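Asker: So you can see what is in the structure, the chains are spelled out below.
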Amino acid sequence: MNPFTYERASDAAAAIGLAKGSAAARYLGGGTNLVDLMRETVERPEMLVDVTGLPGRIEPRADGSLLIGAAATNTALAADAHVRTQYPLLSRAILAGASAQIRNMATVGGNILQRTRCRYFYDNAAACNKRQPGAGCDARDGFNRYHAILGASPACVATHPSDMCVALAALDATVHLDGPAGPRSIALADLHRLPGDRPDIETELQPGELITAVELPPLPFARRSTYRKVRDRASYAFALVSVAAALDLDKDGTVRDVRLALGGVAHKPWRASAAEAALKGRPAGPESFRAAAEAELAAATGLRDNAFKIELAKRTIVAVLGDLTGDEA
Amino acid sequence: MGNALMNFTINGQSVEVEADIRSSLLDLLRNSLGFTGTKKGCDQGACGACTVLVDGERINSCLALAVQYQGRSITTVEGLGTDGNLHPLQEAFVEHDGFQCGYCTPGQLCSAVGMAREIERNIPSVVTADLSADSVAIDERELRERMSGNLCRCGAYNGIIEAISETLVKAPALPQERARA
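Residue numbers (the numbering used here), protein chains in the order written: chain A, 3 to 331; chain B, 45 to 225.
Don't read these hints as lab results, they were simulated from the structure.
One thing to keep in mind: the hints can contain errors.
Below are the SDA-like pairs computed for lysine to any residue, each with C-alpha atoms no more than 25 Å apart in a straight line [as the list claims (entries may be wrong)]:
id, chain 1, residue 1, chain 2, residue 2
1, B, Lys84, A, Asn126
2, A, Lys22, A, Arg235
3, B, Lys84, A, Glu45
4, A, Lys282, A, Gly324
5, B, Lys84, A, Arg235
6, A, Lys22, B, Lys84
7, A, Lys22, B, Gly46
8, B, Lys84, A, Pro5
9, A, Lys22, A, Ala293
10, B, Lys84, A, Val44
Bear in mind that the values here come from a model prediction, so they are computed numbers and not experimental data.
Required output: the full structure, derived from the provided sequences and hints.
Answerer: Printed below as a string of structure tokens:
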């Protein structure tokens, strides 16, 4: 691990001020991804600004929205009584991720900003455009079972591994930022970038910007929502494909509204807008679910080992929507 | 950069130690303080052998920078029980063959103690059917899911689950689960 200095911030203004002192400063949450990457010298910050002491409150507000302090742990958010009843897909997504130990350490802000990555990114002996722009990509012709089927580029086929972010994308979450140029907000769905020819730049955050909170707008029909993660072993593994979904049905079984997002398929949490558009106003049932899934995956492309994920994603979408169509989701 | 003087409470004792600020909590415990009960397995958060309790919550000490945990109360396996005065869970691990080589055992023990507290606090898991219930209905499937962050390459999982179920969290066995395990 390369040398660095460590500072602990008492509030957002102090954190931003401290980080200004070094061009190679990084904010430190639970460290479960950053510390691991530092040990591999993939990440080489010269200064760590510990932001785990910043607000982590989870506050329901009068307008029905929920404000989540970025320092809340993954465990605290998943276990929150309001989240469990009003946004069960978010609880389920978080609980599907990592292990209990890691969820106890990891923060909401850190979960969002964990690196989009694959094994070749970790391996300093492999070519990786994300680790070293222009170096090439050993994953394209390598072991690519876990890699992207949507939105990938010749430069990078890695996936964003967060489960939480898939639920946040489905929920239209807003991310509140603060930084050297002042506070601003960005939709979670717009925060992460597709790789293009710069897979090393993963988010729209500017240098020194800090996530301070995540806001969930009210979504009453999210009480009928869930998250399904398909993986190679039953627990503690990254998604091959995951689906976050919330469904709002008319009395006659017509889809009034729907939220759908996919994980494990792209460089960013993937909001399935095409599928949503195909579903609205249609009768809830296997045929319209399948048609919506086909619409979303129409542009998907597979590599040697991951082409199965295209059909897997379609079937998982159909299965999850089927589950939500039952009387008791 | 360089070293820093750090303070912790470890197994109830105040400890002051000078260490490289790059030290993981795991390396600090083992190399600087001699608490070698905590084991280094993968050193990348994949196996759980390094699990310790911080203020009662289980974490992977390999992924924790020690400098970030100053002032906190840390419990290692040495704080759960001692030779001749074992924790009931340790006795049950012996009784139920909850280990063979024993390398993962300190992490399994600390993890199980942390898990029991999570269940007391009604923290759900991904297999919890009813998220709105006031308490989680614990069965063997719940225990296996909640302990999935601790790998045992000897495959002593059945004994581990029996030991936990006997001492910490009563969990009715699921016959069909056992058959597949």
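Asker: Please write out, lowest number first, the hints stated earlier that are contradicted by the structure.
Answerer: Hints 2, 6 and 9 not satisfied by this model.
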